[in-house]
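Trainee: Those protein sequences? They're chains A and B, same order as listed. Numbering-wise (my numbering), the first sequence opens with residue 20 and increments by one. Numbering-wise (my numbering), the second sequence opens with residue 7 and increments by one.
Relax, there's no trap hidden among the hints.
List of simulated lysine-lysine pairs, BS3-like, C-alpha gap at most 25 Å:
1. A/Lys-628 to A/Lys-706
2. A/Lys-455 to A/Lys-233
3. B/Lys-424 to A/Lys-616
4. A/Lys-997 to A/Lys-971
5. B/Lys-424 to A/Lys-709
6. B/Lys-424 to A/Lys-638
7. A/Lys-926 to B/Lys-424
To be clear, the hints were calculated from the coordinates, so they are not data collected in a lab.
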Amino acid sequence: MSKTIPPTSPEPETGRRYWRSLDQLAETPEFKDWLQREFPAGASEWEDGHSRRHFMKIMSASFMLAGIGLGAAGCRQKEEHITPFGKAQENYIHGNPQFYATAMPTRGSAVPLVVRSYEGRPTKIEGNAYHPDSNGGTDRWTQASILGLYDPDRAQRFTHGGNTITDAAAMDFLADLSKTAAANDGAGLSFLMESSSSPSRARLQKIISKKFPKAKFYVYDPIDLDIHRRAASQVFGQSVKPYYKFDAAKVILSLDCDFIGAEEDAHINIRRFAQGRNPDKGELNRLYVIESLMTLTGMNADHRLRVASSLVSQIAAALTDAVSGKSAASVAGVDPKWISECAKDLAAHAGECLVVAGYQQPLPVHLLAHQLNSVLGNIGKTIVYNPVPEPIEGSLMSLAKSLEIGGVDTLVIFGGNLAYNAPVDLNWAATQRKAKTVVRLAAYEDESFEGTDWHFPAAHYLESWGDAYTADGTLVPIQPLISPLFGGWTELEVLARIAGENTFSPYEIVRATFSEILGGNTGDEPWKKYLFDGFLAGSAARPASVSLGANANWPAMQSAAPTTDKLEVVFFRDYSVDDGRHANNGWLQEMPDPVAKMVWDNAVLLSRKTAKALGVRNKDLVTVKLGDRSVEGPIWVQPGMAENVVGLALGYGRPKAGRVGSNVGFNAYGIRTVEAQGFTVGATVSKTGKTFPISCTQDHWSMEGRPVVREANLSQFKENPRFAMGMNAPEAPGGDKSFYPNPLDKAKLTAHHQWGMSIDLNQCVGCSACMMACQSENNIPIVGKDLVGRGREMHWIRIDRYYSAPPAKHKWDVLNSESFRPEDEQQFEEWIDDPQVVTQPMLCQHCEAAPCENVCPVNATVHDQEGLNVMVYNRCVGTRYCSNNCPYKVRRFNFLDYNKRSLAELKGPRYPTPLLHATDGKWDILRWWSDPMDPTKGMRNADEWDLIKMIKNPDVTVRMRGVMEKCSFCLQRIEGAKITQKVKAGASGDVIVPDGAASKEVTALKTACQQACPAGAIVFGNIADPESAVSKRKTSPRNYSVLEFLLTKPRTTYLARVRNPNPSMPDFVEEPFSLQEWESKGNHVEEEHEAAPAGEEQHHG
Amino acid sequence: MAENVPITMPEAPPVPVELERTPLVANNRSIGWISDRVAGICEGKTPLWWWMAFIPSALMLGLLGCMLIYQVSTGVGVWGNMHPVMWGWDIINFVWWIGIGHAGTLISAILFLLRQRWRTGVNRAAEAMTIFAVMCAGIYPAMHVGRVWFDWFLFPIPNSQSIWPQFRSPLMWDVFAVSTYFTVSVLFWYMGLIPDLAVMRDRAKSKVRQFLYGLFALGWTGSNRHWSNYEKAYLILAGLATPLVLSVHSIVSLDFAVSQLPGWHTTIFPPYFVAGAIFSGFGMVLTLLIPLRKLCHLEDIITMRHVDIMCKVTLATSSIVGYAYFMEFFIAWYSGNPYERFHFLNRAFGPYQWGWIMMMSCNVLVPQLFWSKKVRSNVWIIFVLSLLVNIGMWFERFVIIVISLHREFLPANWGYFKPTWVDICTFLGTFGLFFTMFLLFMRFLPMIAVSEVKGVTPQADPHHPLGGAKPTTGGHH
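Put together the whole structure using the sequences plus the hints.
Mentor: Here it is as structure tokens:
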């Protein structure tokens, strides 16, 4: 394609695609056909049973040729409510964004959203804060999903046997299929779907089951999060799904459950968990984590027990025994005191504690978790069970069996990429071919494209009508922001066609479902409100009353601890690419893994000791062998991993993901069998002798005893609430007086606003949603693995992650200090075995005395009177001095023209000069010469360029190469809010922007990171207003600024972290390791009483 | 060689032994011999060694062109610069070349003011070296920026939006310091060349040479009035150039000292940088002149005494630099600043330890050999040592720039810098520029200040027994 696709041209329901130029029209098969014929097709023939349909098709084609195709053809559906911009909407102001409520469907849930759209072009996703189970926070996948909409590698055509066909032909095929099914009751018709909570889909499935009783449904998800429902249903004898109220729990025990990172609705869990972690407001919850990998949840634990996943079941059983007062069996290699004290703590908080089990764990562990919750009286308090409909789908295994015996004629696959992610022992590509016809609706022509007969492009959720239930059971609509860019179809549409329904329009289907849920047609108003709000108020599920039978008892699975020659392999959902579905999403590929900080790769994760025993080191390429299958991947020694455990992230190594994701990392599905979907014991690891480069955004692991992230235990905090200020560097004798008056001090007194930010390190869990939100909001480019390896990533906000250990383990003597060694040596150091972890979002601190400003020779970075450190891109020549002088190193330099370089170049390591490069078959320099103003003069192919430019936020400059950039506190949002307020103020003169922090409005002034943060860790606002949320935050005794002794007076300050360990636990330490490290360098915490928060003097003047 | 020119002067009456000084021109060479020898380098057939040096140099200059075109058309990303080491080989090489560019003007201006008559033997070549080194240096700040085509933003050019450069930035000061230094150095060098250009003009046999030398000799006749004006102007320029010698590198050092990075933020930098610059400048003069005096048969003009003096200067400045290195460590400890302490320990024990060891050994230890008279009289050893001085000074800049940046305040930012092949080829390319220019200079311009060297021969002194016009030799000039 050479031209931008008009964003919102409506596609006719049953007619042809619109043509966009006469040339294009002349190319269409219809037109060619028409040229050849005396009479239009169907006018002279009258042979088949589809006469009416054909007649209507001809009619609509004729209308099109006459140039009046809009809405006239007889059987077309009513025009839907996506209107082209030719028709101006009411109250529409060109250039002002519009916001629509929708939702992103996930496996068994959905994320309620409000999406910002410019001229019909969605550019940014926000959470819907009005939703009863949302604070407006989202997760990284949701934030990045908008890039998937504009992915040039999406499936763009209908194919049959690999050849492009028209969508009409596809419709005919589906109609035939429907007829056949109607004739034989659906015998041999099977559907394979991914899980979904959509009531419309469930309704259509029911219709199909009713019409074609022999048709069968199957469901498969490589990451099986449905186990929570299955376990709960089995325990309680009714179809229920657990819903966790982490905010109500004072003690939380995770049995290998990464509820902060990889579990479904993690953003809700984070929000609820963070609510219980505010020491300024009272008690802190306490988190016990038993896990094999180092996960986000483990990073936030107060007590963490690292054991192989296969031992978790025994520990769960021992805990159950201990909680119920029975004598607990001991588990090999686990301190029995850990179990007994943890059980005591749980028992002491009966009714206000919570036990959760992870999706990788087998059913017995889940059953034990429910039993524990039941014994502890948590049911109905910290955990509730929402009734959900009994699923009618069978498993992939039963489909495989059915295929084996030839029981499937037509297999209709929705979305699933089974050739890539099905258990390897099912040999899916071959098994699937046992069906006579394979039909697939999918977003990509990927690994599974090959084995299909009919392949239809799927619409992105931002292009679709749909519906879903969120975790709490609230019904949310999915409404399109843009009509399908590539004419894709939704699942609902295809199901309706196969069902032979009268209406295929997803809009009508969703609306009919809605009416049904409301109990009959209730007219337009509730529907409009539903779409406007983005949820159906009051539809949240009423928890089922459940109880556990008195004799319920599940035996633990006994399994031996893994050894070096029988390693345990854990397959886990990747924080970036999920199960591989986001592999072609460059933002997610480049998002550093929240734990390892690795980008563009997965690795064979091992603990230090295991790596030593196996004789491998980081970046060694090894073969992981399981049974008679093996995969090759590079080693990464991960601090805090359990011994003899191999962690393999799923979702990488896709041969046909697209130009971003193909062949990134290695494919762990290659050794994942039906039996071993979570973890299994019995793998071996052997060296290949080769090495493989890994790019990481944070090479150094230790905080080096510096007070960067300040933390204390709860008891210490209670004793000395101002401990963070007490860790400031001693003041120089005579005081730290500034040499010259700061011109900003005067401006501070007169300006309307003074912007500032506060980040609560106790609430930040490191989930990285803020990074994706910032990338989306601020048009931040990706650079590729090679360049990240060279330290050129562009993220304006990053999450620093530090490991700390007791100083006794982490040596400090000069000649033998680990601190001075190259970063490569960290993997061999003893202290990384059981580290504590802290995370810290780091972004431009907007220093009042900014060191970057006075060194810029061209005045390209300057201060404004509202306290922002602003970048003038036009003025920047790129000396990079500002970055050198920035102590926080938060400035990012455009080393290459990232926005104009093609995705193919992301892999590096060669970066061609435009002088010797051709794009779309034309020499770049000639293209430039022929039209210097042509925006497509970059080195991107036209199809890439057309889409990638659509995602840009028009309020933010797209930076060219050679300029420095950095966090602007979302300056465009600040200015937008100021303009809005000025308009609103009119003559009243009330131009002060209201505090956005507490507002649920999506247009309220919040930075993108703040808006996305599910934990509410980031608060931004006007610090000149003492009543603003940020001002109040800054009065917290935990407030401190990083590197305060440099007197840069940052406007971004942090609230120190407080841990809440249990003093009777065997691994209890008096104070956090990082504090111990700091003190071991001869420091001690001063008692601080009256000191004003750093950098905050005189703000309230 | 001109006819009728005596090879040596008549014997002088014996001088008492205790008053004897090593003459600045050895072997009692006559004034005519000096003209012949120096002008002969530009006049005869081009020697083979010249071509052997020139062709690779010109090729390397071409390489520089290719590298710069690649870099400008593609982006600074082709270099190894990274986050957090935003300045890498670009600024290392800038400071290194600027440092080299120090000896020339120091020799010609400061030593002129201090009446160090030995300077005449080496000043012309040293000044030329200065100019070419500053040209090499200037490439880096001009080309290392992200948007080369906006370099003019750094100059205070009045514009409609009234945006001025930021005068608080040391980079701004650099612009003025380096451009002033370059301008004055060129003027000073050209000024000194005028009488010698006239000699070349007078000896020229081809019309083209006559015209070109004549053009640049500005009608010099050697009249007393010309000499008188010339001497005054030369003195004034020397006076102007003297503070510049000190200011340029002081200001370059402020690029670092004004920032707040541990390892950069230190008041010792200006004097220490000037000393280091003189050190490296003399190192480079020795590297160039030791082979040249041999190849051009100038041993009688650039004598071992000259070499000896330059070795001594090198030793002295090496000691100053060594003192500065030590003092930085002392202050890091004495200040009690943990970040400063960490930085200096990281210099000595960190992942770039090899860089620090190179710097310490080449800059502090190796020059100590110059204490020995034996070493100072062996040109082979001196040549090798001078090369080591150049290498050591490159590593000094590496240590200051890369080691300071790679591990600073927040450990999350720490990184490891590696140059790319483009960095390396660009640096090689600047050698191409330097040697191409220098070879052209020595082939077409008198490499020795002929008139000045004549001025320090005994014959030039009317009070000398051999001085003044003697009837026996017939008043040659």
